[in-house]
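K.L.:
Protein chains in written order, with our numbering: chain H, 1 to 346; chain U, 1 to 346; chain L, 1 to 346.
Honestly, the hints are just simulated from the structure, not real lab data. Honestly, I wouldn't trust all of these hints.
Since the list gives no way to pick one copy over another, a pair counts as held whenever it fits inside one copy or between any two copies.
Claimed, not checked - Computed cross-link-like contacts, DMTMM-like style, restricted to lysine to aspartate or glutamate with a CA-CA straight-line distance of at most 20 Å:
no.	residue 1	residue 2
1	Lys322	Glu334
2	Lys192	Asp203
3	Lys53	Asp18
4	Lys53	Asp35
5	Lys322	Asp18
6	Lys192	Glu202
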Amino acid sequence: MRLGEVAARLGNRPVQGDADFTVTGVASLEDGGPDALGFVRSARHASALASSKIGAVIAPPEVEVGGRPAIRSPSPSLDFARAVALLAPPPHPAPGVHESARIAEDVVLGEGAAVGAGAVVGAGSAVGDRSVLHPNVTLYADVRVGADCVIHAGVVLREGSVLGDRVVIQPGAVIGGDGFGFEIDEQGHWEKVPQIGNVVVEDDVEIGAGTTVDRARLGSTRIGRGVKLDNLVQIGHGCQVGADSVIVAQSGIAGGTVLGERVIMMCQSGVAGATGPARIGDGTFIAARAGVYRDLEPGSRVWGFPALPERRWHRAVAVFAKLPELLRRVRALERQGAESPRRPPR
Amino acid sequence: MRLGEVAARLGNRPVQGDADFTVTGVASLEDGGPDALGFVRSARHASALASSKIGAVIAPPEVEVGGRPAIRSPSPSLDFARAVALLAPPPHPAPGVHESARIAEDVVLGEGAAVGAGAVVGAGSAVGDRSVLHPNVTLYADVRVGADCVIHAGVVLREGSVLGDRVVIQPGAVIGGDGFGFEIDEQGHWEKVPQIGNVVVEDDVEIGAGTTVDRARLGSTRIGRGVKLDNLVQIGHGCQVGADSVIVAQSGIAGGTVLGERVIMMCQSGVAGATGPARIGDGTFIAARAGVYRDLEPGSRVWGFPALPERRWHRAVAVFAKLPELLRRVRALERQGAESPRRPPR
Amino acid sequence: MRLGEVAARLGNRPVQGDADFTVTGVASLEDGGPDALGFVRSARHASALASSKIGAVIAPPEVEVGGRPAIRSPSPSLDFARAVALLAPPPHPAPGVHESARIAEDVVLGEGAAVGAGAVVGAGSAVGDRSVLHPNVTLYADVRVGADCVIHAGVVLREGSVLGDRVVIQPGAVIGGDGFGFEIDEQGHWEKVPQIGNVVVEDDVEIGAGTTVDRARLGSTRIGRGVKLDNLVQIGHGCQVGADSVIVAQSGIAGGTVLGERVIMMCQSGVAGATGPARIGDGTFIAARAGVYRDLEPGSRVWGFPALPERRWHRAVAVFAKLPELLRRVRALERQGAESPRRPPR
Numbered sequence: 001m002r003l004g005e006v007a008a009r010l011g012n013r014p015v016q017g018d019a020d021f022t023v024t025g026v027a028s029l030e031d032g033g034p035d036a037l038g039f040v041r042s043a044r045h046a047s048a049l050a051s052s053k054i055g056a057v058i059a060p061p062e063v064e065v066g067g068r069p070a071i072r073s074p075s076p077s078l079d080f081a082r083a084v085a086l087l088a089p090p091p092h093p094a095p096g097v098h099e100s101a102r103i104a105e106d107v108v109l110g111e112g113a114a115v116g117a118g119a120v121v122g123a124g125s126a127v128g129d130r131s132v133l134h135p136n137v138t139l140y141a142d143v144r145v146g147a148d149c150v151i152h153a154g155v156v157l158r159e160g161s162v163l164g165d166r167v168v169i170q171p172g173a174v175i176g177g178d179g180f181g182f183e184i185d186e187q188g189h190w191e192k193v194p195q196i197g198n199v200v201v202e203d204d205v206e207i208g209a210g211t212t213v214d215r216a217r218l219g220s221t222r223i224g225r226g227v228k229l230d231n232l233v234q235i236g237h238g239c240q241v242g243a244d245s246v247i248v249a250q251s252g253i254a255g256g257t258v259l260g261e262r263v264i265m266m267c268q269s270g271v272a273g274a275t276g277p278a279r280i281g282d283g284t285f286i287a288a289r290a291g292v293y294r295d296l297e298p299g300s301r302v303w304g305f306p307a308l309p310e311r312r313w314h315r316a317v318a319v320f321a322k323l324p325e326l327l328r329r330v331r332a333l334e335r336q337g338a339e340s341p342r343r344p345p346r
Numbered sequence: 001m002r003l004g005e006v007a008a009r010l011g012n013r014p015v016q017g018d019a020d021f022t023v024t025g026v027a028s029l030e031d032g033g034p035d036a037l038g039f040v041r042s043a044r045h046a047s048a049l050a051s052s053k054i055g056a057v058i059a060p061p062e063v064e065v066g067g068r069p070a071i072r073s074p075s076p077s078l079d080f081a082r083a084v085a086l087l088a089p090p091p092h093p094a095p096g097v098h099e100s101a102r103i104a105e106d107v108v109l110g111e112g113a114a115v116g117a118g119a120v121v122g123a124g125s126a127v128g129d130r131s132v133l134h135p136n137v138t139l140y141a142d143v144r145v146g147a148d149c150v151i152h153a154g155v156v157l158r159e160g161s162v163l164g165d166r167v168v169i170q171p172g173a174v175i176g177g178d179g180f181g182f183e184i185d186e187q188g189h190w191e192k193v194p195q196i197g198n199v200v201v202e203d204d205v206e207i208g209a210g211t212t213v214d215r216a217r218l219g220s221t222r223i224g225r226g227v228k229l230d231n232l233v234q235i236g237h238g239c240q241v242g243a244d245s246v247i248v249a250q251s252g253i254a255g256g257t258v259l260g261e262r263v264i265m266m267c268q269s270g271v272a273g274a275t276g277p278a279r280i281g282d283g284t285f286i287a288a289r290a291g292v293y294r295d296l297e298p299g300s301r302v303w304g305f306p307a308l309p310e311r312r313w314h315r316a317v318a319v320f321a322k323l324p325e326l327l328r329r330v331r332a333l334e335r336q337g338a339e340s341p342r343r344p345p346r
Numbered sequence: 001m002r003l004g005e006v007a008a009r010l011g012n013r014p015v016q017g018d019a020d021f022t023v024t025g026v027a028s029l030e031d032g033g034p035d036a037l038g039f040v041r042s043a044r045h046a047s048a049l050a051s052s053k054i055g056a057v058i059a060p061p062e063v064e065v066g067g068r069p070a071i072r073s074p075s076p077s078l079d080f081a082r083a084v085a086l087l088a089p090p091p092h093p094a095p096g097v098h099e100s101a102r103i104a105e106d107v108v109l110g111e112g113a114a115v116g117a118g119a120v121v122g123a124g125s126a127v128g129d130r131s132v133l134h135p136n137v138t139l140y141a142d143v144r145v146g147a148d149c150v151i152h153a154g155v156v157l158r159e160g161s162v163l164g165d166r167v168v169i170q171p172g173a174v175i176g177g178d179g180f181g182f183e184i185d186e187q188g189h190w191e192k193v194p195q196i197g198n199v200v201v202e203d204d205v206e207i208g209a210g211t212t213v214d215r216a217r218l219g220s221t222r223i224g225r226g227v228k229l230d231n232l233v234q235i236g237h238g239c240q241v242g243a244d245s246v247i248v249a250q251s252g253i254a255g256g257t258v259l260g261e262r263v264i265m266m267c268q269s270g271v272a273g274a275t276g277p278a279r280i281g282d283g284t285f286i287a288a289r290a291g292v293y294r295d296l297e298p299g300s301r302v303w304g305f306p307a308l309p310e311r312r313w314h315r316a317v318a319v320f321a322k323l324p325e326l327l328r329r330v331r332a333l334e335r336q337g338a339e340s341p342r343r344p345p346r
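Only chain H is shown next, with the shape it has when bound in the complex (with noise of 0.2 Å):
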């Protein structure tokens, strides 16, 4: 494609230099030979530039490139995305449903849908309009996936599961499991509380591979509109996540959570209320490992566990690794008061 098309679809950014240099493909500025696009996300990249074959760049628009043709944007990231998205689009199977795959009677499949081979779609259950079933995906009974959806290879949608449109789950994960629940019985055992409830998934989602998310006891989990799963995280039973928030790979929140719009949770942290569920406000951070076990205002950033704000945590620990000098100063203070005139206690 040449550089002026790929520069137009982006939004007619300008393009300096060659605008019909032509790029077969993208690449990083590491590996990328003479025909490929490539980015510069700052000037701070300009070193890998200097070195690199690489034949076009996206790229802010103070930075030098080198004399390379070179498309112009204020964010030459996200604009790197799309073009990657033109040069390279993923592939898309073929419409249609493989032999060896089994749909119930009922089935409603959306108009260019692909159900790959072994997969299985239950009763009552619809699948959208250019949506992707990959090989070996379990729907269960009454599920609904909406509109240019992509399932991948293995993924469970238990009975009852929601999904809008444009909703991606990568390979191995599950929805709708049942819910944690368990109640003491009269012998002292545990006894299975039914999970009668669903899972709903909003448009724009992406959910990580083996990534569980439970079913409610009652009513929905909901995960809200734009929100990205990452690999194996927990979502417990009832949670509702809120539009646009992140969750990184291995996390976990405990049933019942509500998290706000805009939360990010990094990666292997967690939210499970002491007292009962834990509601987190929009736009919270909550840190890499951190354990949070009690509500937190929109706008938190915290750190640690148990989650401290993001500036205390800090000043703790660096004070919990100097703690065996902190210890001997105050031994010395000790040594030094026995030592000093002191008047009797009253």
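Position chains U and L against the provided structure of chain H, taking the given hints into account.
P.N.:
Chains U and L in isolation, oriented as in the chain H frame:
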């Protein structure tokens, strides 16, 4: 179903008000309409009840229910769980083997067992009466599944796995994967130690979505009667989990760990003995995100990493948050000491 | 098999006692009967041996074995692992493609390869000699699997994944899921960054059940020769894991992390650079539950979060447990100071 019939089937609970009142389903107080049955855990939930549209409730004897017909129960939560099973029984696939399932010739299938589309059952395996294998389940050779089990889609039971009766396994769990055992060889590389043991899962166990239970190197990894494992839990090779223990999401126990009975491990916790497999006494409580690396006495309650007794940990973290202030106070004492008259060191 | 033959195949180890003694299997000292071969790691296990019914053992030269025939070995644990492979070889499916597997027309299958029921192999893929795809495995398009690999049930290898020889993947693992990359768009929503790289897994790697290895945004995520990943491990996009490294269960490394060779990450640990991908030097040891957010020099040994050098961390946590006492001691010093004669501040 008539409220009186529900009450009778819950063990002849007393009905207050109209025993002929008909409930058509179950719901939470928030969502329930005039035909639904809900429950009130205690007087603390009275305000939710006041604003609820729900038709009837299960409630403790002393709690005011606003004139609704009510089943009076000393354990409303447990009775409600049982009412859900009566009024909204889980879907149960029709018995029989789907034509796309692949069952080895010598497999023994119990009466009323159901095997879903794409399921595979290896040679020498047996599935008990009324047990369900959902679609795309894989049983390797020589697997035993007891009666009344539910094995959800995508679950893998590797060779030699043994399940008791009434075992429920959520989608995507893996039972009997190789334990993680390697020895350094003569060239300094890791050489696999064959894992020829198996996994034994006793009666009434539930295993969560994406959870992994490794086979033993020799002998058996054992999940005791009534144990409940949540999602994304890791059980290392050769572990023994005592009856009625509960392990909440994203927790793990290292190879060889011995958990007693009625142990509770909250979410994202772990046990891994520092110098050999750890033994955790009966009735121990391990808090969320706690990390245990030594043996624990029965009835222990521990928090944090490294895990400390509950009270000690809570007190220590309270000071942790104020470490910068403590450091300032020590500095102030040091300044004060420097300014005080002192005897020369001897 | 005669003990003498076992000894010969372990590299001509000397036999003490009856070399014609026949062993029919392998077992632990606890479980083994008179026909079984066991092993003794060191003199510390002598008491277990004293009460054992086992027929023969592999033991270090100096350890007393109670008159049993014994293979003497300087590395009994490694030799026992090899004896297990001799006496109890793992089941190997018969070569050939199951009639219910779905293999694209142009797939190249090596000699002796086995493809199980319900497995799906996409166009352009190749499976090497003697490699096994267990039931319900999914290979997308253009996947390369080397020779002598074992891919267990339910595993998903997404498009373009490349595996070397002798790679073992436990059930339910996902290789090549999209990396977790999003950019904020003009409306403040997350926009997906296409992940068009792949995953390369070198020779002799083992990957655990439920583990997820993400494809790179551009280029390759690389798992080096001989690496062992345990269950439920997360490898972010673009990571490089050096040869012979080991990552134990439920650990994770963030996108772009570079692990050196022979790194050991114990269970539930994590690496995520704070300001960019972290580089972890060769031979580093990261303790269980440690969280690393900066680069580490080769040979580092770290514990805790944020990770500290081993000795410093152990000393600091020892004081942590006594923080309430330390606080009391500071208070006592303050009271004492208040009661002491003091010079007025200058």
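K.L.:
Are the hints correct? Go through all of them and say.
P.N.:
Consistency of the hints with the structure:
Taking the shortest Cα distances, Lys322 and Glu334 sit within 20 Å of each other both inside one copy (19 Å) and across copies (17 Å). Taking CA atoms no more than 20 Å apart as the test, Lys192 paired with Asp203 passes between copies only; the shortest distance there is 13 Å, against 32 Å inside one copy. In this assembly of identical chains, Lys53 and Asp18 lie within 20 Å of each other by CA distance solely inside one copy; the values are 17 Å within and 69 Å between copies. When the C-alpha separation of Lys53 and Asp35 is checked against a cutoff of 20 Å, the pair qualifies only within one copy, where the shortest distance is 9 Å, while the shortest distance between copies is 67 Å.
Neither within a single protomer nor between protomers do Lys322 and Asp18 lie at most 20 Å apart by alpha-carbon distance, with minima of 59 Å and 61 Å respectively. For a Cα distance limit of 20 Å, the shortest separation of Lys192 from Glu202 across copies, 16 Å, qualifies, whereas the shortest one inside one copy, 29 Å, does not.
In summary, the structure is inconsistent with hint 5 from the numbered list given earlier, while agreeing with all the others.
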